[in-house]
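Colleague: Spelled out from the first residue to the last, the chains are:
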Amino acid sequence: MSFMKTLLAGSALTVLSSAAALADPALIFDLGGKFDKSFNEAAYVGAQRWVEETGGSYRELEMQSEAQREQALRRLAETGSNPIVMTGFAFGDVLTKVSPDYPDTKFVIIDMVVDAPNVQSVVFTEEQGSYLAGVMAAMSSDSGKAGFIGGMDIPLIHKFHCGFAQGFKATQPEGEVFLNFTGTTPAAWNDPVKGGELARAQISQGADVIYAAAGGTGIGVLQAAADEGVLSVGVDSNQNALHPGQVLTSMVKRVDNAVFDAFTAGADVEAGIKVMDLSAGGVDVAIDDSNAELVDAEMQAAIDEAKAGIASGEIEVHDYMTDNSCPAS
Amino acid sequence: MDKMPKWADVILTPLISLVLAMAISALVILAIGESPWEAMKTMVQGALGSSYGWGFTLYYATNFIFTGLAVMVAYHASLFNIGGEGQAAMGGLGVALALLYIPLPHWALALPVAMVGAAILGAAWAFIPAILQAKRGSHIVITTIMFNFIAAAALNYVLVRLLRPVGSMDPASARFPEATNLPSLSDAFASIGIEWGRNTPANVTFFIALLACLLVWLLIWRTRMGYEIRALGKSEPGAVYAGISPVRITVIAMLISGGLAGMMAINNVMGEAERLVLNAVEGAGFIGIAVALMGRNHPFGVLLAALLFGFLYQGGGELALWTSIPRELIIVIQALVILFTGALDNMVRMPLERLFLRLRRKEVAE
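Going down the list, the protein sequences come from chains A and B. Residues 1 to 329 (our numbering) make up the first sequence, in order. Residues 1 to 366 (our numbering) make up the second sequence, in order.
For reference, chain A alone in the conformation it holds in the complex (with noise of 0.2 Å):
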């Protein structure tokens, strides 16, 4: 008798289970891993602040390999998750394939445009972010000279690149922004020792304001920044903590925020293109405490302007992706 009950509740337990599992997001982060204190962990933060909030549950997954992300996205969907997030343009082309197998599914990709009836693309405006920190930085420069380093020479990169690059100039015309990647293999993005090189490079060409967007490898930008003792600015996740007062900002992109609203969304998200631009809260530029006293009030008032600008459509922040080029470079 008490065999059998525990056998029920068993059973009892597994259809509760399985359809809990029924209704669970999950997430996906691309070949640079979970924690790479940068773009992935970003997905990860906005998870995680949905289980707290919620108390919810959801399956992630990592990348290992390319042939993985049609398997990774199938298996998911066959599994019942919904909505299923994935991070990265990487998984665009698989989507495209994948996405009408499962038309009951959600899929929300970040960073990239699907068009398909059940799938949400959150694209970012870096390049507005990019330019309020270009504004930033051309105010406090004094050598007229600013250094942007980046991961790998990817179309992502340059957006961030020429947003930068636009707000320098706006500010200081006859400025000069050095460009250098920091290598040409994934190996790029985690590799802070080189940044830190490049960064020094920079420095010694003249340069007093340097912004990193590659990944890991910013932290030893930031820090050879902090070293020699001129201003840095963090990307993705507000980094200015890491040195307080050396550190002139950081330009947040709220990929947390995407997959948070996703999540809570749940099977309801809808879908379409999302753009988190300026005025949707998607990017910015972070000030805090940290770099309170590094922004005085003509800067502030000058980051105000140049966001009402954007906001009205009197600063157009010319688009890398839409053209491959760049007016400011």
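Treat the hints as calculated values from the structure; they're not laboratory data. Hints may be right or wrong, so weigh each one.
Which residues of chain B face chain A? A partial, calculated answer using Cβ under 8 Å [claimed, not checked]:
1. Leu163
2. Val166
3. Gly193
4. Glu195
5. Val277
Chain B residues, not near chain A, derived (Cβ > 10 Å throughout) [what the hints assert, rightly or not]:
6. Asn199
7. Leu278
8. Leu355
If you want the ones that stay clear, here's a sample from chain A, every Cβ over 12 Å from chain B, calculated [claimed, not checked]:
9. Ala72
10. Arg74
11. Gly80
12. Gly88
13. Pro103
14. Glu176
15. Asp227
16. Asn257
17. Gly266
18. Ala280
19. Ala301
Being a predicted model, the structure only gives us computed values, none of them experimental. Ideal placement from N, C-alpha and C gives every residue a C-beta, glycine not left out.
Given chain A, work out where chain B should sit, using these hints.
Modeller: Below, chain B without anything else, positioned relative to chain A:
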């Protein structure tokens, strides 16, 4: 006289090494508080338990057969080609250029053209280190590994600046024309009415890989060229004395090696991705070294070792995807297998040899 029978040399020794590697892996898994039994089950089931798993295992194995053969051919000429990674990447470029710029109406036509493209660029990438080694004595290990980085940089430039469709975020080429897509193994099975491995990347390239094994065997052991390659590998002065030109053979062996590595792109670029992505090779070039060493530089051994690594790759991927075992541990398991089957080979071989000798002596005594 052979110390032990051939079967023991070829099958028993690697098998025991493998079991030892598995045992230590199990201890490691136990040490981080996971169940080794569950892990093993996930790996075997994920890689071999269904046609789905096999589809992935064979796909990875196909990659490793090509890079393994590449290392093997060079090794017979006593050249250690560790540039398979770069040669395969350039092979991918060859495939992409052939398929994007030559209009080909059918895959059966596209396949040989793409193979030529892949082999030419892969071989070209091996040619410069080869000529540097042959003429100037620049060590092939150094030059081939440096060429991996040059290949990565060149590919990055080509994909971002030249082949990427305007407006696309992804540093990847456009899709290849639909007509040139290779049939997957599941399509092939479906045409004879068997449902097998739906949505898996294994494709007809697998058969080309098998054919390549056979051709490489013929080349190395049944042709004059193969004899010259082996003669050079055994002793350069001996080869020179026999009238073999070391420069010529060095270059030819490396061209064949680079061409084979480049041909891997047929599988991953043409067969799987159907476009050229930045990170297409994913370390298969380096795994090829382990595959060749473990396969004792024989095509049949390479085939078996490639299957084993295909299993480890797919099983390991499943393990990381569906259990809480961190993905770094998969690398530990793979490294242990390489360590035991490659580096610590004699640890198993010598006791085995003694055992067989004793058995034989007993037989003679009786």
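Colleague: State for each hint whether it applies.
Modeller: Results for each hint:
Given the 8 Å rule on beta carbons, the hint for B:Leu163 is violated: about 12 Å separates it from the nearest Cβ of chain A. Hint on B:Val166 holds. Least Cβ distance to chain A is approximately 6 Å, under the 8 Å limit. Hint status for B:Gly193: violated, given a least beta-carbon distance of 22 Å to chain A, over 8 Å. Because the beta carbon of B:Glu195 sits about 16 Å from the nearest beta carbon in chain A, more than 8 Å, this interface hint is broken.
Hint status for B:Val277: holds, given a least beta-carbon distance of 6 Å to chain A, under 8 Å. With a least CB separation of 6 Å from chain A, B:Asn199 falls inside the 10 Å interface cut-off, contrary to its annotation. A beta-carbon of chain A is positioned within 10 Å of the beta-carbon of B:Leu278; the least distance is around 8 Å. In this structure B:Leu355 is separated from chain A by more than 10 Å, as the shortest Cβ-Cβ distance comes to about 40 Å.
For A:Ala72, the non-interface assignment is contradicted: its Cβ lies about 6 Å from the closest Cβ of chain B, within the 12 Å cut-off. Residue placement check: A:Arg74 does not keep its beta carbon more than 12 Å from all beta carbons of chain B (closest about 6 Å). With a closest Cβ-Cβ approach of about 15 Å to chain B, A:Gly80 is found to remain outside the 12 Å limit, as its non-interface label requires. The Cβ of A:Gly88 sits about 9 Å from the closest Cβ of chain B, inside the 12 Å cut-off, so the non-interface label is violated.
At roughly 17 Å, the least C-beta separation between A:Pro103 and chain B is larger than 12 Å, which holds for a residue marked as non-interface. Non-interface status of A:Glu176 relative to chain B is upheld: no Cβ of that chain comes within 12 Å, the nearest being about 23 Å off. Annotated as non-interface, A:Asp227 keeps its C-beta farther than 12 Å from every C-beta of chain B; the closest such distance is 28 Å. Under the 12 Å C-beta cut-off, the non-interface status given to A:Asn257 relative to chain B holds; the minimum distance is some 20 Å.
With a least CB separation of 23 Å from chain B, A:Gly266 remains clear of the 12 Å interface cut-off, as annotated. The non-interface label for A:Ala280 is consistent with chain B: the shortest C-beta to C-beta separation is roughly 20 Å, beyond 12 Å. Taking the minimum C-beta to C-beta distance to chain B, about 34 Å, the non-interface status of A:Ala301 holds against the 12 Å cut.
Of the numbered hints listed earlier, those contradicted by the structure are 1, 3, 4, 6, 7, 9, 10, 12.
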